[in-house]
Amino acid sequence: MRRFRRGAPGRNRLVLAAVLFLAFLATFAVDWAVSPSAEAATSSPSASSSASTAPASTGPCAVSPTNGCIRGTILDSERKPASGIAVDVAGPGGFAQTATTDDTGRWSVSVATAGQYTVSVDQGSLPKGQYLTNAADAERKVNATLNANVGQIFQLSDQQGATTADDSSSFSAARAWQQLASGIRLGLLIALASVGLSLIYGTTGLSSFSHGEQVTLGGLLAYVFANQLGWNIWVTGIVVTLLCAATGYLQDAAIWKPLRRRRISLTQLMIVTIGLSIAAQYAFQYFFGASTVRIQQGNPETVTFAGLTLTVQSYVAMAIALVVLVGTGLFLAKTRFGRATRAVSDNPALAAASGIDVDRVIRFVWTLAAGLAGLSGVMLGLVLNGVNWQTGLQLLLLMFASVTLGGLGTAYGALVGSMIIGIVVELTNLVLPGDFKYATALVILILILLFRPQGIFGRAERIG
Amino acid sequence: MDYILNLLSSLTQEALAPTTAAFALAAIGLNVHFGLTGLINMGQAAFLLLGAYGFAISITNGLPFVMAVLVALAVAIVFAVILGIPTLRLRGDYLAIVTISGAEIIRMVGRSSLLTSTTGGSNGIAGSAYRDPFNALSPLPDGTTTILWFSYSNNGVNGWWIRIAAWGLVALFTLVLFLLMRSPWGRVVKAIREDEDAVRSLGKNVYSYKMQALVFGGALGAIAGIIYVLPSSVQPDAMGRSMTFFIWTALILGGAATVFGPVLGAVLFFVVRLFIRTLAGDFIPDSIMNAQQAEQFSYVLVGVALMLLIVFRPQGLLGNKKELTFSV
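Protein chains in written order, with our numbering: chain U, 1 to 464; chain D, 1 to 328.
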């Protein structure tokens, strides 16, 4: 235990935290205020003049030395061409044209001068029940050059605000409710993965940076079985979870136990997990490429329940996660082996002295952790409708924030921390665009470390 | 024979590329963090990215070259202080967790579509937007110079001037590192690496020393970032976690806590990877491994090499095992 002070935080730290937080908010506030108004300024002439100009030529645009093309294809949420969508293009010299997507979903505009153009989708012309995936992105600036094509792809989704708020005025109780549900869903899935991370930390003292890849592995294996081989999704889930658990077992047998025998320091072990993480990420890319793959083909059905619209997979995933988490909790609390696990977490030397086979417990923890992470990966892939090589990588950050919030090394802390992080991250979407949602997790992480570094359930001597 | 000569020339060209120099500088910065002070900074790429953004955005907004470099340094220093304040009093892995998260956040915010007007969003900033003031500083006459098989334009985008400047900086900071390690400051931070409590009992302000090391290494990272983007462009996605991990691999390979380790590690990192890629591309048929897979395969090997190195030769090629005990 080093120089960590318990009790009320010092005045300096309070002031500092307040300044940090304000600076953080100010950055967003400025960007928020500047960018939409700037875009609005450029787009308003186009809106007024597009009405007066003649409709765009209907033939597709072809490039030549005297003109360039801005073009794109719009597909609906079922990946079928969406026709009749109006796309406004405004540019230098009062240029304004409106293109309409044809039967193949294509639109194009020919421009005679190079320069910056503003491309905006008329959201009123979207087919019924279709929305832009990212409504904040309805308007884009593109640089067109002569004798060249510039492509712009807009994606549609059948859920409004699937990822991002169109603007802050869309804040409503219904959306907050919906985001809260997404937050609980995300929290449960993070919890599945981070309970394992926390148990590994508790029993071995290791922060495993390769835990995210265990999640990715689950998702990608599910893709192989369910999509490529066409297995039933339930069978896939069970087989993948068992396979992932086996990777945890083998990892401990092949890597971690020999390294513990060699008395390799924790810092070195942590760098080993980083090496493993690099190797795994690029191995995933080697076999699956960099694109996102879908576990289930076809469009997920949605069910509306108590004002919430979620996919069937989401409800099932939430139920499974809840059952598995409660099961894990009961196991740790009630069974003999679970108690042994917690004893090793508390004090490995004492646990060993009282007759607990520490190596066996650790082997079991690795197996359990990898299995839970794999299960989390399968369900994450189903819920988010796709996995790629960095799915787990992105989740790792949230997992670290969760286990730190709950208290490193405490399984229940990881659970509570995950729920809080999941909900906060999703609720951030109400006020900030999607790209910023992970930033909230970092702000929470820094605030916890400033005021209560041991987390909600942790003990002070663990941290300093 | 021609094949071997060609291979050798491309390997040596890779070794002297500005990118290699940028990695060497970043690894020197990380050496100050990890090798000297024992700080586990898992977000070195963020310092490079912040340096690159600070520099490029300042230039595009009309600031002179020197001011732009100062802005880049200032941004990186502020970032180091913000990450350091909550974590440097805690055990080592908290810094690791916070820096890796912080780096990701910087990247995600930088590539956010909301900031497209400033940072260029996920497209980044094209090199032509910020590189002219640097090239204007070149004392070299225009034209192309060939030394042995190295033939570059003197002042071009990726020519002799950037190479001279980059490797000059690497030499300068290697010297600085050498002097630092022998200075009283260097002895204190090395003692912190070995036993923080012992140093504290001697009345030293450990927290302050750690913060100085974090800030100095981060500033080196920012300079590395500027060098990294000058011959190419600012690409937030190219400067993420992977880059941090590669800088770590370079440092551990060369030898943490050594003077020449970071430079040797960075050079070897690029040369060996190019070697693997070239051999795989030339001798393994595309049906088994195409060019892209060869690239990914080389990164898989990087990961495996990192694991093996840290276990079997943690001191790297140049280090002294007794010196680096990884007691953190």
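I should point out that these hints are in silico values taken from the structure, not numbers from a laboratory. The C-beta atom is built at its ideal place from N, Cα and C for all residues, glycine as well. A few of these clues could be false.
[What the hints assert, rightly or not] Part of the chain D face toward chain U, derived, beta carbon under 8 Å: (1) E14; (2) E104; (3) F245; (4) K321.
[Stated by the list, open to error] Coverage of chain U stretches by chain D, computed from C-beta distances (three or more under 8 Å per stretch; other residues unrestricted): (5) 256-264; (6) 272-285; (7) 399-410; (8) 449-457.
Those earlier numbered hints the structure runs against, lowest number first: 1 and 4
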